[in-house]
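As you go down the protein sequences, you meet chains A and B in turn. Start counting the first sequence at 0; every next residue gets the next number (numbering that gives the first Met the number 0). Start counting the second sequence at 0; every next residue gets the next number (numbering that gives the first Met the number 0).
Read the hints as simulated data drawn from the structure, not as lab findings. Beta carbons: idealized from backbone N, C-alpha and C, even for Gly. Mixed in with the good hints there might be a few duds.
Cross-link-like lysine-lysine pairs, in silico, PhoX-like; alpha carbons within 25 angstroms at most [stated by the list, open to error]: (1) A:340 to B:40; (2) A:154 to A:18; (3) B:40 to B:133; (4) A:418 to B:34; (5) B:214 to B:133; (6) B:133 to B:224; (7) A:434 to B:12; (8) A:253 to A:340; (9) A:18 to A:253; (10) B:195 to B:223; (11) B:133 to B:34; (12) B:223 to A:418.
Which stretches of chain B does chain A cover? Using the computed rule of at least three CB atoms under 8 angstroms from a CB of chain A, they are [to be verified]: (13) 17 to 30; (14) 35 to 45; (15) 163 to 175.
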Amino acid sequence: MTAFKTTIRHKVYKFHDLKALLGKASPHRSGDELAGVCAHSYEERVAAQITLADVPLKTFLNEVIIPYEDDEVTRLIIDSHDVNAFALINHLTVGELRDWLLSDDTDTLTLTNLASGLTPEMVAAVSKLMRNQDLIAVAKKCEVVTRFRNTIGLKGHFSTRLQPNHPTDDPRGVAASIIDGLLFGSGDATIGINPATDSPAAVSKLLTLMDNIRFQFEIPTQTCVLSHITTTLQLINDGAPVDLCFQSIAGTEKANTSFGINLNIIEEAYQATLSLNRGTAGNNVMYFETGQGSALSANANFGVDQQTCEVRAYAVARKFKPLLVNTVVGFIGPEYLYDGKQIIRAALEDHFCGKLLGLPMGCDVCYTNHAEADQDDMDNLLTLLGVAGCNFVMGIPGADDIMLNYQSTSFHDALYLRKVLGVKPAPEFEQWLIKQGITDDKGNMLTINPTHSLLGAVI
Amino acid sequence: MKRNIPQEIEPLKALQEFTSARIAIGRVGTSIPLKQSLDFKLAHAHARDAVYSVLDIDHLTESLRRFELPVLHLHSQITDRRQYLQRPDLGRKLNDTSIDHLRDITTMSSDVAIIIADGLSAMAISENTLGLLKELIPLLTASGYKLAPITLVEQGRVAIGDDIGHGLKAKLSLMLIGERPGLSSADSLGVYLTYKPRPGLTDEMRNCVSNIRPKGLSYKKAAKKIFYLINEAFTRKLSGVELKDNAGLLDGH
């Protein structure tokens, strides 16, 4: 085992393995304190970062942080590593990788080609050496484009998931939120409902409801009910109109077990969804959600810091060529991310790490009422993510999710971002908005006509 | 909830009757109009105040006298609210004084231990505890359940009820705790029921009745539901996931 140590003012800091080093080098957050893996002083944290900077990237291929024999996510990471892509940077240390990523010569194409040569642990490591500005600057260079009925992730474009949740899944209540959202130009990433109940019958009703609206108004988007993957699989077999297959995933096998999933189950559902062949622009059919802290909350983090666990989940996502990956950053609560500062940092890390690994990253810019955060923090984060080129965020009526009881971003928030940054919806959706008289050809919102056909969709 | 709708988006107004979501709130430029923005802020302020609300132990103790049960005061290992929010592990454990206090109490074994903890909203406790217990305790005593002393716990999490129920030699613990405040529900009370409470149990061993408040699940309905679950737990000698299977019978009550 490699020795990791550094000396600062005659004090020797030793880190007994890569896992410990990654934990100590992590920017401070409550979840790592709860897990007992964080640095004990400011100096120790920087000492760990200085030490980590000198670790050769090759070390990450020889020293795994969760044993290969014990964890299928580790096996996936090691077995799918692309040595040829890695050749470009295999001589670098973590610190040198940080500088290389920021250099002007490292452009979009270079990063796209590199993605399969990076492991989650390498990416997590380098992110720990980067300031928020660095995370934004490099993520902005990445471009990850995915397609189903439209094209998501193009530079200069920014999409939203319309999230029309309702506490009792009332069809008219859900439809009302969908119509409201569409009239605000929301929903090009997907129209996706978190169901109040996971029963196949209830989920099927919601799928049919959304599919009818989509079909009736010829909306170039995809719909999704965020039910458990096994429920979706059953519904596919029953012939329900499933566009996207959803699942929450985590970065360790044990955490995924607590979600009732493993790689085989995801593969089965992935193949089943692909076989429906419902995409018209492309065939990215998976929608994954993640979030720092999920492994620890399942008591399945194995002493690994929460950010590294999170990036390992991206290896799981990457295997299935998803349309959307959403880090639900502030949902988990203050015992993992205490305040606005920690939430913002975590979101920028997740977005950067996901993009570098080649994932179509979006972010649920959100917080709960027991976190030290408010809508101002969300404004900051939303703006930063917009600058970083985030693929999509959520669109929720008034930013208030009345089913999940947390606050996210509103339809208005997306319009604000489009206006201040000059970014546009997915091209196919943009054309639809113009055709429907919702926006003009410059993207300005138009006044909705009282006889607009969408208003009749509920009643 | 009806809101003031600017003239411009009148056509959307009709949609509001189908959901309490903040739809059809209009726009100024592309932003949320001020009235709706302040509505949101006020709701968030209520939720934040609820998180930082403090149990009025004296007042609560006084109001619990009517049930003619001894009242114990205990405290978790948490020292302040900031720590409470970040260290759920310490909120699940009693501090040394409380452990000693619990050990010194010579109590006979009992059927049900009612435990009251502030959780994430002491406001929920101060507003809803008495109303719920007035409905529930008569149901329990009429059926012959023997009640342990009532315990008040400051800065407690749900699992702290396991140690307390065990210490009080109760066959079942009933934890009344303030739930995480929502934007429209800062005063929501949750009740967790655990058969054979003992240290080290996990959430799969509990049943929860949630959203107890005047505008949510009423005291009467909540008491009925809890009473049903207690009877089932004693009949089947378990609680948690396996008990849930039958709880569907309660739908629509």
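Status of the hints after comparison with the structure:
{"no.": "1", "hint": "A:340 to B:40", "result": "20 angstroms, holds"}
{"no.": "2", "hint": "A:154 to A:18", "result": "35 angstroms, violated"}
{"no.": "3", "hint": "B:40 to B:133", "result": "34 angstroms, violated"}
{"no.": "4", "hint": "A:418 to B:34", "result": "22 angstroms, holds"}
{"no.": "5", "hint": "B:214 to B:133", "result": "18 angstroms, holds"}
{"no.": "6", "hint": "B:133 to B:224", "result": "14 angstroms, holds"}
{"no.": "7", "hint": "A:434 to B:12", "result": "23 angstroms, holds"}
{"no.": "8", "hint": "A:253 to A:340", "result": "29 angstroms, violated"}
{"no.": "9", "hint": "A:18 to A:253", "result": "17 angstroms, holds"}
{"no.": "10", "hint": "B:195 to B:223", "result": "21 angstroms, holds"}
{"no.": "11", "hint": "B:133 to B:34", "result": "40 angstroms, violated"}
{"no.": "12", "hint": "B:223 to A:418", "result": "53 angstroms, violated"}
{"no.": "13", "hint": "17 to 30", "result": "holds (count 12)"}
{"no.": "14", "hint": "35 to 45", "result": "holds (count 5)"}
{"no.": "15", "hint": "163 to 175", "result": "violated (count 0)"}
Violated hints, in rising order: 2, 3, 8, 11, 12, 15; the structure is consistent with all others.
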